[in-house]
Amino acid sequence: MYHNGVYHLFYQYNPHGATWGVGNLSWGHSVSGDLVNWADVGNALEPTSPFDANGCWSGSATILPGGVPAILYTGISADGEQVQNVAFPKNASDPLLREWVKPSYNPVIPLPADVPVDFFRDPSTAWLGRDGLWRVAVSAKVGNAVGSTLIYRSKDFRRWDRNAAPLQESRAAGMVECPDLFPVAEPGVEVGLDHAPRTGTGVRHVLKLSAIDTFQDYYAVGRYNDTMDTFVPEEDGDDCRSWRRLDYGHVYASKSFFDARKNRRVLWAWANETDSQADDVARGWSGVQIFPRKVWLDNDGKQLRQWPVEEIKTLRSKRVRLLGAELNSGGVNEIVGVAGTQADVEVVFQIPTLEGAESFEPNWLVDPQRLCGEKGASVPGGVGPFGLLVMASGDLQEHTAVFFRVFRHHDKYKVLMCTDLSRSTTRAGVYKPPYGAFVDMDIEEHGRSISLRTLVDHSVVESFGGGGRTCITARVYPEHAQNGNGHLYVFNNGTGAVKVAKLEAYELATATVNVGDDGLIRMSSMRRGEA
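Under UniProt numbering, the sequence shown has 99 at position 99, and the numbering climbs by one with no breaks.
These are computed hints drawn from the structure, not numbers from a lab.
Honestly, I wouldn't trust all of these hints.
Derived pair list, reagent style DSSO-like, types lysine-lysine, alpha-carbon separation capped at 30 Å [said to hold, decoys possible]: (1) LYS318 / LYS414; (2) LYS262 / LYS318; (3) LYS313 / LYS302; (4) LYS302 / LYS262; (5) LYS302 / LYS502; (6) LYS302 / LYS155; (7) LYS412 / LYS499.
Label pairs and their calculated CB-CB ranges [unchecked claim]: (8) ALA145 / PRO187: 45 to 53 Å; (9) GLY188 / GLU444: 18 to 26 Å; (10) ARG316 / ASN263: 19 to 27 Å; (11) SER422 / PRO197: 44 to 52 Å; (12) THR227 / PRO65: 17 to 25 Å; (13) GLY284 / ASN328: 42 to 50 Å; (14) ARG158 / ASN363: 51 to 59 Å; (15) ASP118 / ASN263: 38 to 46 Å; (16) ASN363 / TYR105: 54 to 62 Å; (17) ASP238 / VAL336: 49 to 57 Å; (18) ASP440 / HIS16: 39 to 47 Å.
Just so it is clear, the structure is predicted and the values come from calculations on it, not from any experiment.
Note that beta-carbon positions come from the ideal geometry of N, C-alpha and C, so glycine has one too.
Generate the whole structure from the sequences, applying the supplied hints.
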């Protein structure tokens, strides 16, 4: 959340070890002035009460009238039931909100009779309706079968009543979790909207759900009825697994917030590890947050666009530019002068002709990830594969390929975006899948050009295709990276030449993450000076 000039990140934290199985979860708490550099201010919530004795799990923050924040969170009680609790700052005048109190009247939402004990969790940010009642969305498996997003209403943020109808049901999906409902501005308008009560029915909303059986985040653009408290997707069906995905790689449990400082909607998500649990223990930590992203509704009104927040650019240091270079078939050109373990690369590819595009098979629409596995970066094609090789060793024995292929589909073209991990590491026991999705854009209308931005931060590779229409996040663990060495390349393995219309690559400096008191003093002074 953003509150009184400070960004707050609350996150599930196990202070007892790097895995889930030791001790019970707390809420870690870090603060920032810029979404990039962070200071640790100690745990906000710890499992010290009967209503959260078995862990403080997911939840959300809400800014109440008068500017006082509140936390709604799931506690697993001493009896093993998932219940919803509330917490408030002990001292609301503390700019860093270091201490939080949990009222004794918790839980504020007990386990419903028609929901199993371990399928009731993840309260969303609450919003105030035009009728003056608060609403909050909570995930549940109703009747031991139906994945539901329930709505609860309250006058006072203490006593909550369940709405008769769910906000949404995904009957075939089983349990869905981590709901996020938020309004969006008109198509193509990049400003964010908060949850203020709105008259009329013109404002569209986005509902994001995390499906536990696929471990993926899905979203739909639709209409939220603030009288009935129901959501109807405009295009997609009731099963959330048929909706668009926020990221076609390795992220889960995403959460957005309205950034009042810059009038934008910011999304964050969790990327867990894909090597072994023994590696987690050896590192002493497990799981990361991806780069925060600004999100808005695309011009087509159907899909979200995502882009790294502009503050990431403050980490940029050494720059290398490449303009107008031509990549012939089989070409692999190193981007010299930028270390590849922390890098930000933006490139625009221009395709001279689409005549050589391969024919598109209709069954490929069903599973683009499988298509990326069958037609990886090393498989020659017509138009593509072309793109970047990142986290690469000097001999290219290890590399992660992020690339495009263009297919002819009837009288139009389909653009496939892939992140190929098959050669990302020579280590054994590492998950190395292909990731892929189609980029929903007309490449001819865009002058036969397509953009790619890839952020590399050691084991995290985040890529944004077509101006953020398609996003793919991957975790990679190359052996050569242990020496601090990483190379970047641009490549083309298609039969036709591809032009690099523009390429800018930057080294990224190291952000300050969870520093101690000195960092807190600097940041607090900065915020007071700005005010």
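Comparing the hints with the structure gives:
1. LYS318 / LYS414: Violated - the C-alpha atoms of LYS414 and LYS318 are around 35 Å apart, more than 30 Å.
2. LYS262 / LYS318: It holds: about 27 Å lies between the C-alpha atoms, which stays within 30 Å.
3. LYS313 / LYS302: 28 Å, holds
4. LYS302 / LYS262: Answer holds: LYS302 to LYS262 is near 24 Å, not above 30 Å.
5. LYS302 / LYS502: Given that 30 Å is the threshold and the Cα spacing comes to 29 Å, the pair holds.
6. LYS302 / LYS155: This hinted pair is violated, its Cα atoms lying about 34 Å apart.
7. LYS412 / LYS499: Holds. LYS412 to LYS499 sits at ~21 Å (cutoff 30 Å).
8. ALA145 / PRO187: 45 to 53 Å: 37 Å, violated
9. GLY188 / GLU444: 18 to 26 Å: 20 Å, holds
10. ARG316 / ASN263: 19 to 27 Å: 24 Å, holds
11. SER422 / PRO197: 44 to 52 Å: Given about 51 Å between the Cβ atoms, the range holds.
12. THR227 / PRO65: 17 to 25 Å: About 22 Å separates the Cβ atoms of THR227 and PRO65, which means 17 to 25 Å holds.
13. GLY284 / ASN328: 42 to 50 Å: This hint holds: roughly 47 Å between Cβ atoms.
14. ARG158 / ASN363: 51 to 59 Å: 54 Å, holds
15. ASP118 / ASN263: 38 to 46 Å: 39 Å, holds
16. ASN363 / TYR105: 54 to 62 Å: Holds: the Cβ-Cβ distance is about 56 Å, inside 54 to 62 Å.
17. ASP238 / VAL336: 49 to 57 Å: 52 Å, holds
18. ASP440 / HIS16: 39 to 47 Å: Holds, at about 44 Å.
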